[in-house]
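Residue strings, one per chain:
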Amino acid sequence: AQSVTQLDSQVPVFEEAPVELRCNYSSSVSVYLFWYVQYPNQGLQLLLKYLSGSTLVKGINGFEAEFNKSQTSFHLRKPSVHISDTAEYFCAVSVAGSARQLTFGSGTQLTVLP
Amino acid sequence: DVKVTQSSRYLVKRTGEKVFLECVQDMDHENMFWYRQDPGLGLRLIYFSYDVKMKEKGDIPEGYSVSREKKERFSLILESASTNQTSMYLCASSPPQGPSETQYFGPGTRLLVL
Chain A
653 AQSVTQLDSQ VPVFEEAPVE LRCNYSSSVS VYLFWYVQYP NQGLQLLLKY
703 LSGSTLVKGI NGFEAEFNKS QTSFHLRKPS VHISDTAEYF CAVSVAGSAR
753 QLTFGSGTQL TVLP
Chain B
3 DVKVTQSSRY LVKRTGEKVF LECVQDMDHE NMFWYRQDPG LGLRLIYFSY
53 DVKMKEKGDI PEGYSVSREK KERFSLILES ASTNQTSMYL CASSPPQGPS
103 ETQYFGPGTR LLVL
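Order-wise, the sequence lines are chains A and B. Per our numbering, the first sequence starts with residue 653, numbered consecutively. Per our numbering, the second sequence starts with residue 3, numbered consecutively.
The reader is advised that the hints may include incorrect statements.
Once the Cα atoms are required to be at most 35 Å apart in a straight line, the calculated DSBU-like pairs of lysine-lysine come out as [claimed, not checked]:
hint, chain 1, residue 1, chain 2, residue 2
1, A, K721, A, K701
2, B, K59, A, K721
3, B, K5, B, K15
4, A, K710, B, K73
5, B, K15, A, K721
6, B, K15, A, K710
Derived from the structure by calculation, the hints contain no laboratory data.
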């Protein structure tokens, strides 16, 4: 079975600073990888996903993530954060051929400070 | 745009009550999902459905049941609510193409069981 580990439960960062949110996964088969964001009092929405091809994936709101197969990682980055990026971020994995689709990590709360 | 709606944003119920959480999607998606979100645990899959009248157990189905009589509607039922079912419940839907597809989430129902 696949699993996802988000190493940091909370990440505080000052506005306009860079940020990296870490995600590691385990799976014995090929995976698809996702980052979702949850703004306060809302449901989740997709930031970006890796299916195949280029290991650098660009998403909405200036976020990007890099798939590293040897390190089984899919870290999320943004070069300069804004107050409006304050939200909870979830990494998720799905496995080809699996009907149940996503397995989520425990989430990282990103707080951008003025 | 895909829209997933949930019948209530907040619910307060008493222990032992039967609770219905309703989810409706307007994009003719085959797949629908119910998750439970708890701090530090991320999202955990309760049940999912890939067709009308079809259902599959997720990771934590105990104490829950589901119903899908129409394609657009997926209901989560707590037969006898307990305090440990106090949580945020999120519904999602996705097209049928498989585990690479994006899931679209509703805004969530925050359930308090007293």
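To see whether the hints hold, each was checked on the structure:
1. Between K721 (chain A) and K701 (chain A), the direct Cα distance comes to roughly 15 Å. Compliance with the 35 Å bound is thereby established for this hinted pair.
2. With a C-alpha separation of about 30 Å, the suggested pair K59 (chain B) and K721 (chain A) falls inside the 35 Å cut-off, and the hint holds.
3. With a CA separation close to 27 Å, the supplied pair K5 (chain B) and K15 (chain B) stays within the 35 Å bound.
4. Simply put, K710 (chain A) and K73 (chain B) have alpha-carbon atoms about 33 Å apart, close enough for the 35 Å limit, and the pair holds.
5. For the proposed pair K15 (chain B) and K721 (chain A), the alpha carbon gap of about 46 Å is over 35 Å, so the pair is violated.
6. A hinted pair counts as satisfied when its Cα atoms are at most 35 Å apart, and K15 (chain B) with K710 (chain A) does not qualify at roughly 43 Å.
The structure does not agree with the numbered hints 5, 6 stated previously, though it agrees with the rest.
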